[in-house]
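Protein chains in written order, with my numbering: chain R, 309 to 669; chain H, 229 to 526.
Simulated from the structure, these hints should not be mistaken for lab results.
Keep in mind that the hints are not guaranteed to be accurate.
In silico lysine to any residue, SDA-like type, Cα no more than 25 Å apart, as pairs [as the list claims (entries may be wrong)]:
#1 R:Lys524 / H:Arg341
#2 R:Lys412 / R:Val328
#3 R:Lys644 / R:Val587
#4 R:Lys435 / R:Arg353
#5 R:Lys644 / H:Asn304
#6 R:Lys499 / R:Tyr377
#7 R:Lys345 / R:Glu324
#8 R:Lys499 / H:Pro360
#9 R:Lys450 / R:Gly406
#10 R:Lys499 / H:Leu415
#11 R:Lys497 / R:Glu638
#12 R:Lys499 / R:Glu641
#13 R:Lys345 / R:Lys412
#14 R:Lys524 / H:Asp492
#15 R:Lys618 / H:Arg341
#16 R:Lys644 / R:Arg487
#17 R:Lys412 / R:Glu455
#18 R:Lys526 / H:Leu307
#19 R:Lys435 / R:Thr368
#20 H:Lys416 / R:Leu527
#21 R:Lys497 / H:Leu493
#22 R:Lys618 / R:Trp646
#23 R:Lys349 / R:Asp388
#24 H:Lys305 / R:Thr591
#25 R:Lys497 / H:Asp492
#26 R:Lys467 / H:Glu347
#27 R:Lys467 / H:Asp420
#28 R:Lys467 / H:Ile419
#29 R:Lys497 / R:Leu669
#30 R:Lys526 / H:Ala368
#31 H:Lys416 / R:Lys644
#32 R:Lys497 / H:Thr267
Chain R is nowhere near these chain H residues, computed Cβ spacing over 12 Å in every case [to be verified]:
#33 Ser234
#34 Ile242
#35 Asn251
#36 Arg253
#37 Gln262
#38 Leu286
#39 Ser330
#40 Arg402
Note that CB positions come from ideal geometry on N, CA and C, so glycine has one too.
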Amino acid sequence: MPIISPFESSIAKAGEGKVVLSLLPPAIPSLSTLTYKYPLKLLTRTPGFVPQSALTSASTPVHLYLLTYGGGLLPGDQIDVSITLEPQTRLVVTTPQGSTKIFKTETSPGRTLSDKSRQVLDVRIGKEAALCYLPDPSAPFKNSRYEQIQTFTVDSTAKDSTRSSLCVLDWVTQGRVSRGENWDFHVWKGKNEIWMADEPTASSTTPNEDSTQKPKRKLLLRDALILNDEVAIKTNEPEPQDPAHPSKSLIRERTSPHGVIGTLILYGPVFESLSSFFVDRFTSLPRIGARNWSSSAPAASESTPHYDSKVTFTAARVRAGCVLVKFGAEDFETAKDWLGAVLREEGSIAREFGEEALLCL
Amino acid sequence: MTAESSIPDLEKEISDLESRLQNARSRLAHASSQISETTPPLPTASSHALLLLSDSALPLGSFAYSSGLESYIAHNKPLPRTITPVASFHRFLQLSLASMGSLSLPYVLAGYRDPADLETLDNDLDASTPCPVAQRASIAQGRALIGVWERAFRGAYAASSNSAHRSRDHAAVRRGARAVEEFSDALKGCIDDEFGPKGHFAPLWGVVCLAMGMDARQTAYVFMLNHAKAVLSAAVRASVMGPYQAQNILASRVLQDMIAERIDLDWHTPVEDAGQVVPPLDLWVGRHELLYSRIFNS
Numbered sequence: 309m310p311i312i313s314p315f316e317s318s319i320a321k322a323g324e325g326k327v328v329l330s331l332l333p334p335a336i337p338s339l340s341t342l343t344y345k346y347p348l349k350l351l352t353r354t355p356g357f358v359p360q361s362a363l364t365s366a367s368t369p370v371h372l373y374l375l376t377y378g379g380g381l382l383p384g385d386q387i388d389v390s391i392t393l394e395p396q397t398r399l400v401v402t403t404p405q406g407s408t409k410i411f412k413t414e415t416s417p418g419r420t421l422s423d424k425s426r427q428v429l430d431v432r433i434g435k436e437a438a439l440c441y442l443p444d445p446s447a448p449f450k451n452s453r454y455e456q457i458q459t460f461t462v463d464s465t466a467k468d469s470t471r472s473s474l475c476v477l478d479w480v481t482q483g484r485v486s487r488g489e490n491w492d493f494h495v496w497k498g499k500n501e502i503w504m505a506d507e508p509t510a511s512s513t514t515p516n517e518d519s520t521q522k523p524k525r526k527l528l529l530r531d532a533l534i535l536n537d538e539v540a541i542k543t544n545e546p547e548p549q550d551p552a553h554p555s556k557s558l559i560r561e562r563t564s565p566h567g568v569i570g571t572l573i574l575y576g577p578v579f580e581s582l583s584s585f586f587v588d589r590f591t592s593l594p595r596i597g598a599r600n601w602s603s604s605a606p607a608a609s610e611s612t613p614h615y616d617s618k619v620t621f622t623a624a625r626v627r628a629g630c631v632l633v634k635f636g637a638e639d640f641e642t643a644k645d646w647l648g649a650v651l652r653e654e655g656s657i658a659r660e661f662g663e664e665a666l667l668c669l
Numbered sequence: 229m230t231a232e233s234s235i236p237d238l239e240k241e242i243s244d245l246e247s248r249l250q251n252a253r254s255r256l257a258h259a260s261s262q263i264s265e266t267t268p269p270l271p272t273a274s275s276h277a278l279l280l281l282s283d284s285a286l287p288l289g290s291f292a293y294s295s296g297l298e299s300y301i302a303h304n305k306p307l308p309r310t311i312t313p314v315a316s317f318h319r320f321l322q323l324s325l326a327s328m329g330s331l332s333l334p335y336v337l338a339g340y341r342d343p344a345d346l347e348t349l350d351n352d353l354d355a356s357t358p359c360p361v362a363q364r365a366s367i368a369q370g371r372a373l374i375g376v377w378e379r380a381f382r383g384a385y386a387a388s389s390n391s392a393h394r395s396r397d398h399a400a401v402r403r404g405a406r407a408v409e410e411f412s413d414a415l416k417g418c419i420d421d422e423f424g425p426k427g428h429f430a431p432l433w434g435v436v437c438l439a440m441g442m443d444a445r446q447t448a449y450v451f452m453l454n455h456a457k458a459v460l461s462a463a464v465r466a467s468v469m470g471p472y473q474a475q476n477i478l479a480s481r482v483l484q485d486m487i488a489e490r491i492d493l494d495w496h497t498p499v500e501d502a503g504q505v506v507p508p509l510d511l512w513v514g515r516h517e518l519l520y521s522r523i524f525n526s
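For reference, chain H alone in the conformation it holds in the complex (with noise of 0.2 Å):
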C-alpha cells in the first residue's frame, strides 16, 4: 500500500529526487557552456558582408553626390507657405527612390543575375544616362567600388576555398569574383574608347555583391537603403534636418515599405524595359550644372 508509505518516508524520497535533479541541471549546464549550444549564433558570412556594404564608411564617396537634391531644393525655392522644407523633402525622397528603383535597380539585378553579360550592362546603362552630372556621378561610384573590391575585399572573398562560402551557390559566387576582375581589366586597358566599359554603379553593385555571397533580395535592398542613406545625409549637409530627424526617417516603417514595393515592382523588370518614371528628376539634375553655389557633385 504506497499510500499508506509513511510520511518521513516519502519526503526523504522527494529530496533524493531533487537532488539528482538539481546535479544532472549543474552537469548539463557545465557541459552546454563547454559546447556554447544556448547563446544565439553569430551572423553568418553573407550577414557580415551585408553589413560592410551597407556601411557608409565604404569609402565609394557617395557623400559627393546628391542626386539631385540641391538642384531640387534651388528650383523649388522659395517653397509655397503650407509646404514645410521637410515635406518637400518626403516628396524628393519618395520620387527618388521611384527612379532608382525603375532606372538602376534593373541593372543591379541583371549583373547580380547574369554576372557574364557586365560589359553589355554597363554600356547599356551608359546609353540610358541622360546627362554628364548623372553619368560622372555613377562612374564615379562604380570605379571606387571596383577599387574597394581590389584593395580590400578581394582577399577574402575572391579565394576560391573561402569557407564563407559554404552556404551560397559555390559557382555563383566565383562567376561573379571573375566578372568583377575581367571588368576591372577591361576597364584598365581601355584609353579613350568612347564605347569601352566605363564602370556604372548599379551593375557592378550587382556582380560585387554577388561575389561576396550575398542574397539577391539583400543586394536590391542594400542598394535602395544605401541610395536613402546618402540622400538623407545630403539632406542633412544642405540643412534640410537635422541629424536625428534623418535617422528618424531611415528607421521609419514607411521608408521601409518604400523600398521593398519598388523593389517588388521592378524585380522582374528587364534592363531594356528600365526607364524614368519621374520626368522633372532628369531635368534637376541635369540643371545642377547651371547652380550658383554648389556643395555636391550631383
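In isolation and in its complexed conformation, chain R is listed as follows (with noise of 0.2 Å):
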C-alpha cells in the first residue's frame, strides 16, 4: 500500500490553487497555505517593505504572483484560486508575465462550450486586511472563449477604518494587434463581485458550494461584462467566411471606438484617497460640448494635453463607499500610461504597497 504523503495537498484538480496569509504576533506575515497545481502556479515574495501608511493597522505586504505555464490559458484550462486574507494582513497580487493570453478554441465539429477556458478567483478578506490586485489585461486571441469570476468577500461586521479595503483592476484588450485581430474573439465573459458575509475568512476553512446560498451573504457590487459574438448562440454552424465581405464583428460594434476596456473597483480604508482621487479627477473633467462665451481670449485648455483627453473614464461612488471606475481607451498602451500615470500622481499604493505593486502598469 503506498503511504500517503503527508505534504500532499488535498487539491487534487488541475489548475486549482490556495493562499491563505495569516499575521503573526506580532505582525509577521506568513503564508499557513501555499498550493497549487499545473497549469497554475503561484510564488510568493516579501519584499520587507514597510508601508508609509497613516493607518496603524498596517502590516508588510506579501506579494504573489500569478503565473501559468506558456503565460496563457488553453482551450479548457480551468484556473480555480482561492486565496484568504486573515485580518489585518496585506497582500498585492501581480501577473509578472504580461498579459493572460487567451489561446483560440479550435473550430471542430465537437465542440460545445465547455472548451472555453476559465478561470476562477476567490478572495476572502478579513477586517482590516487589504488586497492590491493589478493584473496585466487579458488578451483573448482570435477564435478564443473566456470566462472569468473573480469574487471578493469583505467583512460586513467591521465599521469604518476597521474595513477590509480591496482595489481590483479587470482590463480586456482587442487581442493581438500586430496580427490585426480587433476583438475578433468568440466570447469573453467577465464578472467581478463584492460579497458583504459576517465572517468571510472563518467560513473558508468548509468550502461548501451551499454557502453561496447563506442569507446572510449579501451582494455588495456585480460587474459584468460580457462580450459574445452570439454566432453559438444563433447557429451551430461555423460561420461561413466570404472574402468580399468579412462578416462584421458584433465585438467590435458594441466596443467601438475602443480598443482597450476596464474596470477598476476600489472599496475600504486603505484605498480611501485614491478614490476620492478618482472622483474628483472625474467631476473636475472639462463640460462636453462647453463654450467659451467670453469675447476675448479663446480656449487655453484645449491646446493643453493631458492623459484624461484619451482615456473615455467616468468614476462614481456606489454603493458603501465603493468607488467604481470605468475605462475606455484607443489601445492598451494608452491606458496603460493613464492608469499608471493617475496612481502613480495619486501615490497611496506606492506608500501603502510599494512600487512594485505598479508593476503591471
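Combine the two chains into a complex, taking the hints into account.
So, in C-alpha cells, the structure goes:
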C-alpha cells in the first residue's frame, strides 16, 4: 500500500490553487497555506517593504505572482484560485508574465461551450486586511472563448476604518493588434462581485457550494461584462466566411471606438484617498460641449495635452463608499500609461504597498 | 315520374323553398343580433392591462430619460460625413436594446417568475448598476410605477374577487400583488439605509405585470418596446429625427424582430449572469453628468 504523503495537499484538480495569508504576532505576515497544481503556478515574496501608512494596522505586504505555464490559458484550462487574507494582512497580486493570453478554441464538430478557458478567483478579506490586485489585461486571441469569475468577500461586521480594503483592476484588450486582431474572439465574459459576509475568513475552512446560498451574504457590487459574438447562439455551424465581405464583428461594433475596456474597483479605508482622487478627477473634467462665451481670449484649455483627454472614463461612488472606475481607450498602451500615471500621481498605492504593486502598469 | 312533373309545379316548389330559406335566414339574423355571436370578441382583461402598461401616458416619467442617447450624441460629435444622424441613431438603438436585454430583462423575468424574491432582486440590481445616473433613472421610474399601482391599478387588480383574472393563474396574480404591497411597505419603512430597498424599475415591472394578469412574453415585450419608445421619443426631442420618422421606426419589422431576438436570447438568462454587453454605454451614461447642456436626466 502506498504511503500517503503528509505533504500532499488535499487539492487534486488541475489548475487549483489555495493561499492563506495570516499574521503571526507581533506583525509578521506568514503564508499558512500555499498550494497549486499545473497549469497554475503561484510564487510569493515578502520584499520587506514597510508601508508608510496613516493607518495603524498596516502590516508588511506579501506579493503573490499569478503564473500559468506558457503565460496563457488553452481551451479547457481551468484556473481556480482561492485566497484568504486573515485580519490585518496585506497582499499584492500581480501577473509578471504580461497579459494573460487566451488561446483560441479550435472549431471542430465536437466543440462544446465547455471547451472555453476559465478562471475563477475567490478572495476572502478579513478585517483591516487589504488586497491590491493590479494585473495585466487579458488578451483574448482570435476565436477564443473565456470566462472569468472573481469573487471578493469582505467582512460585513467591520465598520469604518476597520473595514476590509480592496483594489481590483480588470481589463481586456482587443487581442494581438500586431496580427490585425480587433475583437475577433468568440466569447469573453468577466464578472467581478463583492459580497459582504459576517465572517469571511472563518467560513473558508469549510469550502462548501451551498455556502453561496447563505442568507448572511449580501451582494455589494456586481460588475459583469459579456462580450459575445452570439454566433454560436444563433447557429451551431461555423460562420461561412465570405472573403469579399468579412463578417462584421458584433463585439467590435459593441466596443467601438475602444481597443481596451477596463474597470477598477476600489473599496475600503486603505484606498479611500485614491477613491476620492478618482472621483474628483472625474467631476473636474472639462464639460463636454462647453463653449467659451467670453469675447476675449480663446479657450486655452483645449491646447493643453492631457492624459485624461485620451481615455474615456467615469468614476462613481456607488454603494458603501465603493468607487467604480470604468475606462475605455484606443489601445492598451494609452490605457496603461493613463492608469499608471494617475496611480503614481496620487501615490497612495506606492506608499501602502510599495512601487512593485504597480509592476503591471 | 318526377322527371315528367309539370314545369309550373316545379317553379312553385322552388319559390316555396326560397321563401322558407329567407325566412330562416332572417330569424337567424335576428337571434344572433340578440346574443351578438357574429361580432368579433372585445379585448380580454389581460390585453386591457397590456394597453394600459404600453401607454405612453402611463405616468412613469420615462420621457425625462434618454438612456444615454444625449451623451452618445455629444460623444460622437461631429459625425463623419459618411454617417447621417439617423444612421448613428440606429446604431445607438440597437446597442441600447441589446444592453437592456442583457442587463435588465433577466430582472424583469425573475421578478415575474418569482415575485417573493423582489427585495433580493432589487438589491442585486442596485449592486449591478454602475453609476448614479443610471441608478437615478431606474429608481425614479420604479418608484413611479409603485405610485401608479397604489393610486390607480390596485383598486382594479388587487381585489381577489375580480373576475378579470379568471383566465390567468389566480394564485400567481395574487402573489404578484402581495409582493408589490410588501415591497412598497418596506420601501416606506426604510429611511436612509444604504442597503435597504431602492425600488429599481426592472424587477418591479415584472411583478406589477404579473399582478395585472399579463403573461411573461407580453411582460418582456412591453418592457423592451417601452424602452424603444422612450429612446425614440428622446431622439425626436433631441432633434435627431421627426415624429413621423420615429413612428416609422417604431412600426418597422426590423424593430419588432430586434426586440423578439433580444427576448429569445435572454429568456433563460439567470440574473446572476446578467451583464453589460455594450461597455461604452456605461461610459456614455456615466459621463452624462459632464455634459455642458442637458435636456434629459440620463
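Problem - Hints violated by the structure (listed by number, smallest first) - result: When the structure is compared with the hints, numbers 2, 10, 14, 15, 18, 31, 32 and 39 turn out to be violated.
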